[in-house]
Amino acid sequence: MNVHTKTLLVVINASPYRSTRARDALDLVLTAAAFEIPLTLLFCGDGVFQLVADQRAAAIGHKDLAATLPVLPLYDVKRICVEQAALAERDLDPAQLLLPVEVLGSAEAAALFHHHDQILSF
Amino acid sequence: MNIAVVVYGSPTGSPASMSAYRYVCAALELGHRVSRVFFYGEGVHNATRLAAPPQDETSLPECWQRLARSHQLELIVCIAAALRRGVLNDQEAARHGRDASNLAPGFELSGLGQLADAALNSDRLITFGGNG
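Keeping their order, the protein sequence lines are chains E and B.
Heads up: the first sequence begins at 1 in my numbering, then just goes up one per residue.
Heads up: the second sequence begins at 1 in my numbering, then just goes up one per residue.
With the rest of the complex left out, here is chain E (with noise of 0.2 Å):
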């Protein structure tokens, strides 16, 4: 058992160059992980942009986010989820994303705002 007390659901549904909520999302991300918080990561909506591979956001005068969300698993964040209908209605295939995912129906995608005690959706 981790010694804290807490555990941190961190919902992801901005899409990654609309504003910068993708970019805060990954940042306190990587900021909790340093924390040693335990968190889960859920992509849903838009959210599910962020994880598609090949990205190429400097033809749009953007810094790519792709390059950051691999690293994820190094910072030991160990659940990084995927709601499968956001994935369908984008017609997006998990094969198709920049990194292994757990994908989740809506039921079990519910039940992480149960099991988690502080949730922070972006």
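Everything labelled a hint here was simulated from the structure, so no lab data went into it.
Every residue, glycine too, gets a C-beta built ideally from N, C-alpha and C.
There's no promise every hint is true.
Computed Cβ-Cβ distance ranges for the label pairs, DEER-style [claimed, not checked]:
no.	chain 1	residue 1	chain 2	residue 2	range
1	B	S19	E	I60	29 to 35 Å
2	B	E29	E	E36	44 to 50 Å
3	E	G61	B	R49	29 to 35 Å
4	B	R84	E	A53	25 to 31 Å
5	B	Q55	E	V52	47 to 53 Å
6	E	H114	B	G113	26 to 32 Å
7	B	L83	E	P94	33 to 39 Å
Given the structure of chain E, go ahead and fit chain B onto it with the hints provided.
Leaving out everything else, chain B in the frame of chain E:
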């Protein structure tokens, strides 16, 4: 109960800041402890001392400052989000070669660790604003 609050919205762009302010006032009135208000993303615009809205409109930066004075409230502004948006204290203005600073008294620039710490050490973490 020990409550921490996170504000993502600017005072003018969404109802998030006003809702957060009213929520904090109500929580304090009911005897809860509000250990920290953390301003992230567009929320950092709550911390400028240069906003000058018309006199018959509420100035949220001033509301927060009054609340901080009367309740020793900790108002933490994410430093990375603030620098990006031009909300600076004297020290950061000097460090980045800017000719003015605008962080209001009562607010403090600090890192995301303060948000992680709030998640760990509060009974409830309440966020305002989310679709910006």
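Verification of the supplied hints:
1. S19/B to I60/E: 29 to 35 Å: At 33 Å between Cβs, range holds.
2. E29/B to E36/E: 44 to 50 Å: Since the Cβ atoms of E29/B and E36/E sit about 36 Å apart, the hinted range of 44 to 50 Å is violated.
3. G61/E to R49/B: 29 to 35 Å: holds (31 Å)
4. R84/B to A53/E: 25 to 31 Å: At roughly 27 Å between Cβ atoms, A53/E and R84/B fall inside 25 to 31 Å, so the hint holds.
5. Q55/B to V52/E: 47 to 53 Å: Once the Cβ atoms are compared, 49 Å apart, the range 47 to 53 Å for V52/E and Q55/B holds.
6. H114/E to G113/B: 26 to 32 Å: This hint holds: roughly 27 Å between Cβ atoms.
7. L83/B to P94/E: 33 to 39 Å: Holds, at about 37 Å.
Checked against the numbered hints given earlier, this structure breaks only hint 2.
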